[in-house]
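Taken in order, these protein sequences are the chains called A and B. 0 is the number of the first residue of the first sequence in numbering that gives the first Met the number 0; add one for each residue after it. 0 is the number of the first residue of the second sequence in numbering that gives the first Met the number 0; add one for each residue after it.
Keep in mind the hints are simulated off the structure, nothing from the lab. Honestly, I wouldn't trust all of these hints.
Unchecked claim - Here are the simulated DSSO-like cross-link-like pairs (lysine-lysine), alpha carbons at most 27 Å apart as the crow flies:
1) A:Lys431 - B:Lys88
2) A:Lys293 - A:Lys250
3) B:Lys29 - A:Lys189
4) B:Lys76 - A:Lys431
5) B:Lys76 - B:Lys88
6) A:Lys102 - A:Lys251
7) B:Lys70 - A:Lys431
8) A:Lys431 - B:Lys66
9) B:Lys66 - A:Lys451
10) B:Lys29 - B:Lys88
11) B:Lys127 - A:Lys227
12) A:Lys290 - A:Lys451
13) B:Lys9 - A:Lys227
14) B:Lys88 - A:Lys227
15) B:Lys9 - B:Lys88
16) B:Lys9 - A:Lys431
17) A:Lys227 - B:Lys5
18) A:Lys431 - B:Lys5
19) A:Lys251 - A:Lys290
Claimed, not checked - Covered stretches of chain A, going by a simulated chain B footprint (3 or more residues, C-beta under 8 Å):
20) 289-296
21) 392-402
22) 427-440
23) 468-481
Unchecked claim - Listing some non-contacts, in silico: residues in chain B with all C-beta distances to chain A over 12 Å:
24) Glu41
25) Asn42
26) Gly55
27) Ile159
28) Leu163
29) Phe164
30) Tyr165
31) Pro166
32) Val167
33) Tyr168
34) Asp169
35) Phe170
36) Tyr172
37) Ser173
None of these values were measured; they are calculated from a predicted model. Even for Gly, the Cβ is constructed at its ideal location relative to N, Cα and C.
Below, each chain spelled out in residue letters.
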Amino acid sequence: MDVFILLLEGIFVSFEPLNLGLLVFGCLIGLFVGAMPGLGSVNGVAILIPITFIIPPTAAIIFLAAVYYGAMYGGAISSVMLGIPGASTAVATVFDGRPLAVKGEAMTALTAAAVGSFVGGTVSVILFTLFAPPLAEVALRFNAPETFALMVMAFATFVGLGGDDVPKTIFSILIGLALSTIGLDLITGKPRLIFFNIPGFLHGINFLVLAIGIYGIGEMLWTLEETKGKVQMSKLSVNMKEVGRAFGALKKTIMAMNIGSFLGFFVGILPAAGATPASLMSYGITKQLSKNSKEFGSGVPAGVVAPECANNSASTGSMLPMLTLGIPGSPTTAILLGGMILWGLTPGPLLFTQEPEFVWGLIGSLYIANFFTLVLNIALIPAFLMVLRIPFAILAPVIFVLCVTGGYAPTQSLHDVWLMLLFGFAGYILRKLDYPVAPAVLSIVLGPLAEKALRQSLILSDGSMGIFFDMAEKPIAAIIMYIAIVLLIMPAFGPLYRKFFKKAQTT
Amino acid sequence: MSVTNKITVKRAEIAVAVILALCSIALMIKSAENRITWNAEENMGAGFLPFYLSLGMLICTVLTIIKFVLKRSPQSKDDSPFIEVEAFKYIAVTIISLIILVLAIGYLGIYFSLIFFLAFYLRYFSSKSVLFISVFSLITPVLTFLFFEWLLKIPLPQGISEPLFYPVYDFMYS
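Hey, can you work out the whole structure from these sequences and the hints?
So, in structure tokens, the structure goes:
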């Protein structure tokens, strides 16, 4: 009952004129950002975070969450119309969305994507409302050792479940952590890693500099290479009368909606997973379980609904650990978490008691954003199709302008703009060589918090690392640490498992 | 054979791994300027964490190099060009123009630098008319000014062009 009242209050907060205006604006920007190939929620949120400095934190998080949400809807538009995913989260949408569009049923695909996104979003936000308060209550009992153990587990998840090259993944985590140590030491106050005695390093490296560098500059370079400055949209007939027919076709997609919504939410909670694997897994499982599995890939609405349900559900799921534990569930929520620190908030369970308007305003806004994005998405499809015709050679310099101004604004230092360029170029090259970049962004955000928790824990234990593995004194920290160790060593068993499986098959 | 064809994925992989290993060593040396030891009495030295994080980075790059030598990574067997010739043109011009943009910001100020950057970039890469490019290159910095200086009250660098903005500030704050 308490939750219901708090939720209602949150919904009222999101209906305040400033919040509602920013929510609708955020949904629109998110749809646009998601629809443009090369731009996704993480790029949109990273580039836009500097403009939230002048608005209250609640309005800021509502705006950025709406961008995040809108981008999940928008990703499907270019997947269907161009055959190019708007973001990695919409890769699976291409599999059946594009064939539907080629068959002349683009509107069916777009409607299926929008409705799927709405269902996934709604189910996940209900699950979020139910799970968040009890999880926050448990997390309130966490002290420094548990917090540090949780952060180690977040890093370990990238190694165990990320699916990327292990040394490269660990390198990415470590470089993010190393970058977060630049500046003044928390305890001794001594300057660390001040290269060439440049004073700009004394204030450390703002996570935004790395995030905008990698997801703004680096991503644009990547997309310029892929598209060579052009975006070609095939001529497809889009008939609004098809909307009704499209809704009829959705009757056969109930199973896809269930799989996408629930699987997406729980996969989204895991830090290394997020919306992309959630949508791919959801597509795969729906295909496996479907009676018409052979038709998947040739253009069936269920093949669009499953990944779209999952990516929206996962985006909400990834906010659960961010709000309750202070651990982001995706690169976008890592940036949101960094934003909370910039706005003067302390991420974690205390937010529920100290900043209820912020927390419940955000949760309430997710319900509203879900509705507005569905309506805007379907109503503005013709407008988005016009936007998709903008060549990248025009869009790219605008994004670069936003990156340069966004990189300068937080600290008003050109030093940070140079660093942002450096990270952008480095991120582009590393990404081409399959170095995952998301762990670095997560690490630079969590680095200072992890260092603080580690030092506090070691003071508590008189310098003994045993505090993290003591089942009698700190059982929660120990269990989390053991899970982290399992995750860290898991990739080593991959080849053994495959070898054993092959042997079993041949015998 | 062009330069871009000579830089294969294979060569890029090993070159980047070696550069990252050298950077990790440099970070370790830099971290050692502070105390890198840790004990119960003195707690953690200021250089302890960066030193061991850099050591970890070095180990990871060495592992990447070993995987390369043993041909266990996909990149170690990939002889295709790291970047295609046409794409290289886009990337190189973009990187150089961005560097010149940031250099110019320190001297000319952001607004005039943006005009030149946008005009050059659009002229070079798009087939738009001179009129479109001129209007676009002028409107974008104006909107940037209004957004940051008027709405957000965040001053952006103006370099030698700063006196030109005094009348605008007088008008805005009078």
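Which of the numbered hints above does this structure break? 9, 10, 12, 20, 23, 24, 25, 26
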